[in-house]
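There are 2 protein chains.
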Amino acid sequence: MTSCRKTPPPAVEEGPSRLGKPVSAYGERSPLEKPARAPRSSTKTQEAASSTTPLQEQTGILTPSSLHFERHHAGVPQIHPERHRLLIHGMVDRPLAFTMEEIRRLPSISRILFIECAGNGGAEWGPKPAPDAQRSHGLASCSEWTGVPLKLLLEEAGIQPRATWLLAEGADACRMQRSIPAGAAESILIAYGQNGEALRPEQGYPLRLVAPGWEGNVCVKWLHRIKAFDRPHMTKDETSKYTDLMPDGTARQFTFLLDAKSVITRPSGGQKVAAPGFHEITGLAWSGRGRIERVEVSTDGGRNWRNAVLDEPRLPQAFTRFHMPWTWGGRETILLSRATDQTGYVQPAREELVAVRGLNSLYHNNAVKAWRIAADGSVTHVEG
Amino acid sequence: MTSCRKTPPPAVEEGPSRLGKPVSAYGERSPLEKPARAPRSSTKTQEAASSTTPLQEQTGILTPSSLHFERHHAGVPQIHPERHRLLIHGMVDRPLAFTMEEIRRLPSISRILFIECAGNGGAEWGPKPAPDAQRSHGLASCSEWTGVPLKLLLEEAGIQPRATWLLAEGADACRMQRSIPAGAAESILIAYGQNGEALRPEQGYPLRLVAPGWEGNVCVKWLHRIKAFDRPHMTKDETSKYTDLMPDGTARQFTFLLDAKSVITRPSGGQKVAAPGFHEITGLAWSGRGRIERVEVSTDGGRNWRNAVLDEPRLPQAFTRFHMPWTWGGRETILLSRATDQTGYVQPAREELVAVRGLNSLYHNNAVKAWRIAADGSVTHVEG
Numbered sequence: 068m069t070s071c072r073k074t075p076p077p078a079v080e081e082g083p084s085r086l087g088k089p090v091s092a093y094g095e096r097s098p099l100e101k102p103a104r105a106p107r108s109s110t111k112t113q114e115a116a117s118s119t120t121p122l123q124e125q126t127g128i129l130t131p132s133s134l135h136f137e138r139h140h141a142g143v144p145q146i147h148p149e150r151h152r153l154l155i156h157g158m159v160d161r162p163l164a165f166t167m168e169e170i171r172r173l174p175s176i177s178r179i180l181f182i183e184c185a186g187n188g189g190a191e192w193g194p195k196p197a198p199d200a201q202r203s204h205g206l207a208s209c210s211e212w213t214g215v216p217l218k219l220l221l222e223e224a225g226i227q228p229r230a231t232w233l234l235a236e237g238a239d240a241c242r243m244q245r246s247i248p249a250g251a252a253e254s255i256l257i258a259y260g261q262n263g264e265a266l267r268p269e270q271g272y273p274l275r276l277v278a279p280g281w282e283g284n285v286c287v288k289w290l291h292r293i294k295a296f297d298r299p300h301m302t303k304d305e306t307s308k309y310t311d312l313m314p315d316g317t318a319r320q321f322t323f324l325l326d327a328k329s330v331i332t333r334p335s336g337g338q339k340v341a342a343p344g345f346h347e348i349t350g351l352a353w354s355g356r357g358r359i360e361r362v363e364v365s366t367d368g369g370r371n372w373r374n375a376v377l378d379e380p381r382l383p384q385a386f387t388r389f390h391m392p393w394t395w396g397g398r399e400t401i402l403l404s405r406a407t408d409q410t411g412y413v414q415p416a417r418e419e420l421v422a423v424r425g426l427n428s429l430y431h432n433n434a435v436k437a438w439r440i441a442a443d444g445s446v447t448h449v450e451g
Numbered sequence: 068m069t070s071c072r073k074t075p076p077p078a079v080e081e082g083p084s085r086l087g088k089p090v091s092a093y094g095e096r097s098p099l100e101k102p103a104r105a106p107r108s109s110t111k112t113q114e115a116a117s118s119t120t121p122l123q124e125q126t127g128i129l130t131p132s133s134l135h136f137e138r139h140h141a142g143v144p145q146i147h148p149e150r151h152r153l154l155i156h157g158m159v160d161r162p163l164a165f166t167m168e169e170i171r172r173l174p175s176i177s178r179i180l181f182i183e184c185a186g187n188g189g190a191e192w193g194p195k196p197a198p199d200a201q202r203s204h205g206l207a208s209c210s211e212w213t214g215v216p217l218k219l220l221l222e223e224a225g226i227q228p229r230a231t232w233l234l235a236e237g238a239d240a241c242r243m244q245r246s247i248p249a250g251a252a253e254s255i256l257i258a259y260g261q262n263g264e265a266l267r268p269e270q271g272y273p274l275r276l277v278a279p280g281w282e283g284n285v286c287v288k289w290l291h292r293i294k295a296f297d298r299p300h301m302t303k304d305e306t307s308k309y310t311d312l313m314p315d316g317t318a319r320q321f322t323f324l325l326d327a328k329s330v331i332t333r334p335s336g337g338q339k340v341a342a343p344g345f346h347e348i349t350g351l352a353w354s355g356r357g358r359i360e361r362v363e364v365s366t367d368g369g370r371n372w373r374n375a376v377l378d379e380p381r382l383p384q385a386f387t388r389f390h391m392p393w394t395w396g397g398r399e400t401i402l403l404s405r406a407t408d409q410t411g412y413v414q415p416a417r418e419e420l421v422a423v424r425g426l427n428s429l430y431h432n433n434a435v436k437a438w439r440i441a442a443d444g445s446v447t448h449v450e451g
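Taken in order, these protein sequences are the chains called L and P. Residues 68 to 451, numbered by the working numbering, are exactly what the first sequence covers, in order. Residues 68 to 451, numbered by the working numbering, are exactly what the second sequence covers, in order.
Keep in mind that the hints were calculated from the coordinates and are not lab data. A few of these clues could be false.
Chain copies aren't distinguished; within one or between two, either way the pair holds.
Claimed, not checked - Below are the DSSO-like pairs computed for lysine-lysine, each with C-alpha atoms no more than 27 Å apart in a straight line:
hint, residue 1, residue 2
1, Lys303, Lys218
2, Lys101, Lys303
3, Lys101, Lys111
4, Lys101, Lys88
5, Lys111, Lys303
6, Lys294, Lys218
7, Lys101, Lys294
8, Lys111, Lys88
Make a model of the complete structure from these sequences and hints.
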């Protein structure tokens with residue numbers, strides 16, 4: 068730390084005795100702040116594309132709505148909420164079309180929940196993992212979501228006992244469709260609010276299905292239709308995609324639940340540890356199975372592990388922020404983090420994951436992530 | 068609810084089969100969404116001014132940073148974080164000037180906390196209370212704040228035992244100053260993060276003092292100086308302002324702690340209850356003393372009260388969202404809400420508050436708020 072300078076240098080741009088800017092209707096961040104979503108580099112179009120949250124810049128557990136990751140299959144449609152309808156049909160006694168105003172009149176609930184793309188960490192399957200936390204883990208974000216329990220809407224429509232599956236469909240041009248076990252409706256929100264205001268357009272404005280702890284693809288955006296049915300529809304996005312090719316040639320399908328995961332966000336790839344001495348190691352952990360119970364951190368490449376401090380509140384299916392004090396001696400080392408959730412599930416090492424799943428997968432990689440600290444303080448990924 | 072129409076009308080603006088917008092670096096809300104902060108109408112300038120959060124539009128417990136209320140005494144200064152310093156001096160062994168980067172290296176903590184201006188509800192003292200929830204209660208907002216415990220900075224500087232008070236000063240042109248008992252440093256954050264990103268300029272970018280549960284004026288923005296001292300400094304903003312003139316002519320001073328409060332946000336003033344039938348009553352409650360334990364709602368002008376459902380998590384010194392199912396018969400009535408916090412403190416009726424405090428105050432009004440529902444469904448304030 069710096070000892071006291073006689074006079075701190077002037078930091079106020081317009082001079083210390085001038086009035087600043089007036090009050091405003093809807094604020095914006097400082098123009099000096101630059102964190103931005105990064106589009107996925109391999110994308111051929113910007114409509115069927117994704118962009119990642121700069122997790123390495125995030126404070127706390129909430130992702131700013133402006134920086135929530137994106138994954139669109141046909142771009143962001145512009146939907147007028149007054150004309151939007153949610154159709155509940157199929158194996159129901161009373162097919163219903165809800166207006167947004169009708170949905171807002173119903174009992175609502177708010178929950179702080181992460182949403183993670185099944186493809187998050189996809190690059191970690193290969194020999195060259197992503198160079199920074201944004202590109203390795205930034206297809207995950209955490210928001211407060213507000214909406215109506217899906218169960219309530221299904222009860223209103225009179226869902227029939229033989230309807231064991233639901234088809235959820237978006238109003239985007241590709242009509243994104245996913246099949247969902249009807250029993251999951253217990254915990255699913257039909258959300259219209261995000262972080263205190265209406266959903267952002269790229270998060271499904273005006274209506275999104277939010278399935279706590281399930282892969283993001285299931286959380287259908289621009290939701291306009293739910294069809295009750297007696298079996299899964301086997302849509303494109305649950306057959307050709309979002310499945311995992313196993314070593315024996317079979318495919319894992321309908322895995323839904325996201326396993327426990329963690330990533331150190333500071334220091335992380337692309338950053339520089341300024342100098343030997345005290346630093347706080349911090350990062351994020353989450354699990355689709357419930358609360359994060361423990362995060363262990365190693366500062367010596369995995370030989371020794373210590374429990375990190377976890378910020379409260381530790382909410383189920385939400386980001387949990389962890390902290391670990393660290394005095395860096397100035398020598399090259401490797402930092403790792405490993406999450407355990409309330410069910411006792413422990414985040415696997417990369418080799419443990421590969422032993423079970425092989426190397427043919429694109430999705431569902433939750434392996435322990437390593438960052439190399441070089442002697443000059445620069446932080447890089449560790450090759451697999 | 069509407070029964071199923073054969074075909075829902077098209078709601079997608081650009082036609083159902085065209086690609087939508089591409090991914091983007093930093094998202095914005097839909098141009099169709101209009102909630103906005105309202106400047107206080109009595110303000111003579113827009114720099115020494117306030118603006119209120121549209122609580123009646125807020126979902127959940129978190130206020131969007133863009134809609135967090137404002138109260139500036141000399142406008143919003145533009146501060147360059149690389150040149151900003153926090154000076155800790157006065158009765159300390161080692162005066163220190165911290166850079167932002169030095170502060171970010173220290174152990175941090177995140178907490179979801181409300182900030183409320185002591186003047187929130189000021190209009191409720193008079194015979195004509197504010198016509199809507201934004202203008203009656205909108206000088207309160209709730210964010211996730213991230214920063215360093217003040218205690219840690221004071222320990223680094225070696226605060227001396229006789230330093231029982233701290234002077235906190237902002238870098239705005241008026242050099243906003245407040246005296247704070249040093250013992251409060253235990254729970255105070257020196258915050259640089261808000262809702263996952265850097266503080267917004269109008270919330271003190273790059274550094275703000277956040278005192279959980281204390282009046283907003285104490286939460287000094289653009290914080291550049293903390294001086295340890297053996298008594299309060301008796302600054303303008305703790306003598307001529309933010310004190311309450313009592314019926315006996317004395318002034319309450321250094322009250323700091325904000326008592327339990329609640330407001331129904333839907334239905335609330337300026338809204339219209341569309342039709343008789345089912346509606347959800349919802350609103351927000353908070354207390355500087357800790358968690359909200361109970362919110363009672365009356366739908367008959369205070370004759371009968373029922374406990375509302377409280378959303379989890381119920382965090383200390385944070386907004387708590389309450390819900391109450393209500394079937395409106397279509398006749399004129401009055402809705403009220405009353406909060407009780409974990410200490411057993413019960414939000415007072417207006418006449419109970421006035422009996423103690425008289426009618427000379429501008430600040431610290433936490434009385435129960437009433438909304439009149441007219442037979443046509445329109446919602447208005449109830450005169451005192």
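Original post:
Is it within a copy, between copies, both, or neither that the alpha carbon of lysine 111 lies no farther than 27 Å from that of lysine 303?
Top reply: within (20 Å within a copy, 61 Å between copies)
Original post:
How would you label the pair lysine 303, lysine 218 (within, between, both, or neither) given a Cα cut-off of 27 Å?
Top reply: within (26 Å within a copy, 56 Å between copies)
**OP:** Give the relationship of lysine 111 and lysine 88 under a CA distance limit of 27 Å: within one copy only, between copies only, both, or neither.
**Re:** between (42 Å within a copy, 15 Å between copies)
Subject >> lysine 101 and lysine 88: within-copy, between-copy, both or neither at 27 Å Cα >> reply: Both: 21 Å inside a copy, 22 Å across copies.
**OP:** Please work out whether the CA atoms of lysine 101 and lysine 294 approach to 27 Å or closer within one copy, between two copies, in both situations, or in neither?
**Re:** neither (43 Å within a copy, 32 Å between copies)
**OP:** Give the relationship of lysine 101 and lysine 303 under a CA distance limit of 27 Å: within one copy only, between copies only, both, or neither.
**Re:** neither (37 Å within a copy, 37 Å between copies)
**OP:** Evaluate lysine 101 and lysine 111 at a C-alpha cut-off of 27 Å and name the case that applies: within, between, both or neither.
**Re:** Classified as within; 25 Å inside a copy, 34 Å across copies.
**OP:** At 27 Å max between alpha carbons, let me know whether lysine 294 reaches lysine 218 within a copy, between copies, both or neither.
**Re:** within (13 Å within a copy, 56 Å between copies)
Comparing the model with each numbered hint stated earlier shows that hints 2, 7 do not hold.
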